[in-house]
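Visitor: Residues per chain, in single letters:
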Amino acid sequence: MADIIFTIYYSEPGQDIDLSVTENMKPFKYTRATDAASATRIAAENPNAKFLAGGTNLIDLMKEDVERPDELIDLTNLTLSQIKALPSGGLSLGALGRNTDAANHPLVRQNYPLLTQAILAGASGQIRNMATNGGNMLQRTRCPYFYEVSMPCNKREPGRYEGASGCGAREGVNRNHAIFGWSEKCVAVYPSDMAIALSALDAIIKVSTPDGRERDISFADFHRLPGDTPEKETNLETGELIVAIELPKSNFAKHSYYLKVRDRASYAFALVSVGAALELEGSRIKQVRIAMGGVAHKPWRARKAEDYLIGKETSAENFQLAAAAEMAEARPLEHNRFKVELGKRSIVHALEMAVRGGKS
Amino acid sequence: MSKAQIGQPISRLEGHLKVTGSAKYSGEFNLEGLLYGYVVNSTIVRGKILSIDSASVKKIPGVIDVFTHENRPSLAWFDMQYSDMDAPPGSPFRPLYDNEIKYYAQPVALVVAETFETARYAASLLKIDYEAEEFDSDLKKNTARARDPKVGLATMLKPLPPKPKGDFENAYGEADAQVSSAYWHGTEHHNPMEMHATTTFYEKGGKLTIFDKTQGTINSQLYACNVFGLSFSDVRVIAPYIGGAFGSGLRPQYQLFMSVMAAIELKRSVRVTLDREQMYSFGHRPPTLQRVRLGATKDGKVTALNHAAIAETSQFEDYTEVVVNWSHILYPVENTLLEYQLVPLDVYSPLDMRAPGGSTGLPAIESAMDEMAYKLGIDPLELRLINYSERDMAEDKPFSSKELRECYKQGAEKFGWAERKPEPRSMKRGTKLVGYGMATGIWDAMTVPSRAEAMLDKDGKLRVNSATSDIGTGTLTVMTQIAADEFGLSVDDVTFEYGDSDMAFAPIEGGSFTVSSVGSAVVKACKSLREKLLKRASRMENFSLSDQGMSQVRFEKDRIVLSESPLVAVSYFDLIADNNGKAIKADTTSVPNPLRLKKYTRAAHSAAFVEVEVDEQLGVINVTRALTAVAGGKIINPKTAKSQIVGAMIWGISKALREETISDHRFGKYMNPNLAEYHLPVHADIHELDAIFVEEHDDIVNPLGAKGLGEIGIVGMAPAIANAIYHATGKRINHLPIHFDDLL
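Sequence order for the protein chains is A and B.
The opening position of the first sequence corresponds to residue 1 in the UniProt record's numbering, with each subsequent residue numbered one higher.
The opening position of the second sequence corresponds to residue 1 in the UniProt record's numbering, with each subsequent residue numbered one higher.
Quick caveat, the hints were computed from the structure, so don't treat them as lab data.
Hints should not be assumed to be uniformly reliable.
Claimed, not checked - To be clear about the criterion: a stretch of chain A counts as covered by chain B if any three or more of its residues have a C-beta under 8 Å from a C-beta of chain B, and this derived list gives those stretches:
1) 44-50
2) 168-174
3) 264-274
Don't be surprised by glycine CBs; every beta carbon is placed ideally from N, CA and C.
The task is simple: from the sequences and hints, build the whole structure.
Guide: Okay, here's the thing in C-alpha cells:
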C-alpha cells in the first residue's frame, strides 16, 4: 500500500526543472524531449530515466511503487505518430501513434486485419485512446508478485533474492503464468495483445540509438525470455527509443484471426491468445504464422506448428497435429496445467477461423 | 386524494443527484482547515511491532502527526465497548490498541497531514520493524481443527443448525438413490464502488459531526462514543449517500476510528479515506467447504438430508452465518443431519455480505438436488415440487405465506422451461452447447424494532424521518411512498429524511429487513400523527368532531375534511397556527410482536431459471438469459424492486463465473486486491435478464405485508448457472467460481 505521489511541473520544451525542492513526493526529474535525438541522448546519460508516452502502464506502476524512475522523458512533443504506406508495400506505424488510431486505420483494417483485431481485444477504449504503439511493446507483466512490493520478485528487484528462487509465483498463485520458456527466476507472461499480432506478421521494430543511428530489430529478437535476467525484457540498449513499427507486405489479410481466451468477455488479460495468419493456395497452406500470447515472457511463435503445416492441407486433423506438436513442449506450473489443452484447442480454433476468413 | 403510491414504479427520488454527480458522499464534505489521514497497514500476517520510526516522518513538511499504538489516546478497556450491532461473539478488533499483529494489512498507523498527497507519501516512508511469527490462513489444510461456533447475541438473528432428526445414516444407507458431493465456495470481498471514508468535523466545544460511509448511523455513533468515551449528545453521524455497501458498512470500519481519533486528539477536522487495496483489509465473505448427502426414493421423495459446512473465521471473533439450515426449511425431510463448524485462522473476521450464508449454502443444496434429479431421471423442477414444503419441518411451523409454487410455475412458463430436453449435452446452437438450469432461493423475512418520526412541519407539509441509511437500494423512495399513502398524498408532497443519527432510531440497514422494519415504523408514526392532528382539529371551531372517528375524515394535501361534507375542513395551516406556528410531531417505535411472529416461519422465496451457452471447443461460458421469479410479499415499488433483483442476478453471475479473492497462503495475503484482477462481470458478460414478482399476500410479517428483497435475488442464481452448465456439458462443477477451464 506504499504509494508515491508526483506532480508534473510543466516546462518549456527542452527545459529541465529541478524537482528536488518538492518534499511531498519521491522526487524525479521531468524532461520534455523535442526530438528523438535529444530523447535518446538524455536517456543514455541516465540509466534510471524512463520514456513517458501514453503513460497507461508506467504511471500505474509508479503509483504502485514498482517503477521508481528518477527522470521521466516526455516524448509527446515528438512527431512520431504517422501511419505511412511504405514503397515496399508494407506499412509503418509511428511509435507515438495511439493504439485506437492504429487499429482503425483503413490500411491496417484492409491489409492487416489481424492487427486490428488484436488491438481491439486489449484493454478498454479509454486506455487504447491513450496508449501508444511503441509503449504497448514495452508493457510490463501483470504478475501480482511483480505488482505487490511486499512480495518477492526477481523482475522488480533483481539480485535481492540470492539462493532461493526469488520468484513468488514459481510456487505460488500462477494460473495466469507461463508454460513456455520460463526460468526458475521468473514465470511471468507478457501481456500485450497487439504484440502477438505483430509477432505473427513478422514486424520490424525501428529504433533510434543515442549515437544518432537507426537500427532494425526483428520482432522475434525484440522481446526476451527471462533466463537469469528477468528484469531485462527486450533487447533495446540503454537510451534506445522505438520510433516506428514496420509491417512487411504480406498476403494474410484474407485468412487471419486473433483469438483471445480470458476470464471475462472484456477488460481481462489473455489466459491464452492466438494470432493465426494463413496464405492459401486452394486448400493448401502456402504460408502460415502462429503466435501465442499469455503463455510466455514474450510473444510465443509456434514454430513447430508452423513447420508442420507448411505445404499441408487445411484439415482439422492437420491443425490438431500441428497444435499437439507445439504444445508437447509446454512445461505447465501448478495452477496453469489447463493452458496446455487450452493452447491446443485455441491454435486449432484460430486456424479454423482464419481459414473461414474470421467468420464462424 | 392522490392514488395509492405503494405499488407505483417510481424512479429513485435522488437518482438525478447521483447520476449528475451532485450527491455528496462521506469523503466529499469539505471545510477549511480539513486535515487528511492516510492509514499504514502491516506487511506481516502475525507477530509484533518492534518499533515505528514516526519521528522522521513527522519532519516532512505538511505532516501534522503520526498515530500509532504508542501514542494513541486512551481507549475503552472492555470488548463490549468495541461491539456493534453486527458484532459476532468474541473480541472485536481494536485498531492501534497494542503492538500485536493479527492479520495481513492490519492498520498500524495513521499519518495526518495538510493534504491527502502528503499524508499518503509520508505513510509510504514510515519505517516499521516487526517480529514475524508463524501463521496459518489456509482453511482447506485446517479442517481437522473445525469446532462448534460460540453462541452470542448475533446468533439470535443467525440461528445455529437445528438438532438432527430421525436417523440420517440409516435412511441414507437404505435410500433408492444417493447423492454425495463436496462443495467449495471461495473468499469474496464486497467491492462497493465507493470506498470507505469518514470525514469528522470538529466543532466548537469538541462536538463531532461525522460523515461516515455506514449502513447504520446510530451503530457508528454508538461505537465512536463507547470507544472514545464521548457523550451521545456530542456525536452526530451522517451517512447521506452510499455508493454501495453490500454489508461492508454493517460494522464500523477502521477509517471511522482513525478519523474520530485524530479529530479528538488534534482538535481539528480530519478525513480518512481507504484506497481500493485497503478495502481488502477488513471483512469478506468467508471461504466455506460443504458436503451434501441426499437419499431419495425412486419416485423422488427425499428421505435423508445431510448438509455440513466448515467455514473460516478469525482468531478473535466467531463470525457465523446461516449456511446449512435452509436445506431443511426448503425440503420436508424426515431424517436430517445439519452441521456447521468454524476454523479460526490468521485473517480478519469475515463480515456479512449480501445474503450471508444463503449465497454460500444454497448453491450446495440446489446443486445436490439437481444431481439427484438427473440420477432419478426426474425433471429438476418436478423434483422440487415432489419435495415441496407446505410447512417448515425444521421448526415445525407454518409459513406466514409461501407462494414458491407460483414462482416455479410462472417462472418456468415465462422462461420456457418446457423446451428443455432432459439429457445433458442434448441442446445445441451452432457450435455452442446450450443448457437450462434452475434453482430455488430462500431468505428470511425479518423485522426488527425501529423508530420513525412523522411531523406536520411549520409550513403544513408532511415530513418523516428515520436514522436508517439508503445503501442505494431505494429506501428513500419507498419510505416516501409508504408515508404518502398514510396521508393520501403524492410522493411530491412528502419529505423523507434519513441517514442521520440525530433522527429517530433505526437499526443497521441489512438482512433485507429495512422496508419491513423502518417501513412499519413509518406507517405507525404517520398513523399516530394523523390521530394527533385529528384530535387537535376536533378542538377547533367549525369542525365539530367531538364524536367523529378517524373513519369519518379524509386527509388531503393541505387539510383534513369530513368525508360526508367535504366543505367542512381544517387546514394544516390552521393547525400549525393553532400550535403557535410550531411543527406537530409524532414519534413512535415499531416493535414486532414476537409472540405472534414466532408462530410462523417468515421467508421470501424465489425460483431462478438460467440458459447458458458453452463453447464446446474452448469451454467459454456465457449466461445468455436468466429469469428470477420472486415471492416477496407486497411490492412497494416495482421499479426499485426489479432493479434489486436484476442487480442481484448480475452478482449471481459474478459469483458463479467471475469473482474470487485469491490467497497465497505462504504469505497469508490476498493476491488480487484490485478491480483489474478481482474479476467482476463487464457489460459484455451480461445479456438478457428479467425478474417477475408473483402475488403474495401476507398479514403476518408486518403491517405492510412486504418481505424485503435485498438478498432473495442472489441466492438462487449461482446454483442455477452451475446446473445449466451441467445440462449443457454433462460436467458438474462444485466449486465457485466456475472457470471455463474447468470444462476443458
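Visitor: Examine the stretch 44-50 of chain A for residues whose CB is less than 8 Å from any CB of chain B, and state whether their number is three or more.
Guide: With 0 residues closer than 8 Å to chain B, the stretch 44-50 of chain A misses the three-residue bar; violated.
Visitor: At a Cβ distance under 8 Å, does chain B reach at least three residues of the stretch 264-274 of chain A?
Guide: The restraint on the stretch 264-274 of chain A holds, since 6 of its residues have a Cβ under 8 Å from chain B and three suffice.
Visitor: Taking a Cβ-Cβ distance under 8 Å as contact, does the stretch 168-174 of chain A have three or more residues in contact with chain B?
Guide: Coverage by chain B holds for the stretch 168-174 of chain A (4 residues, Cβ < 8 Å).
The structure fails hint 1 only (numbered hints given earlier).
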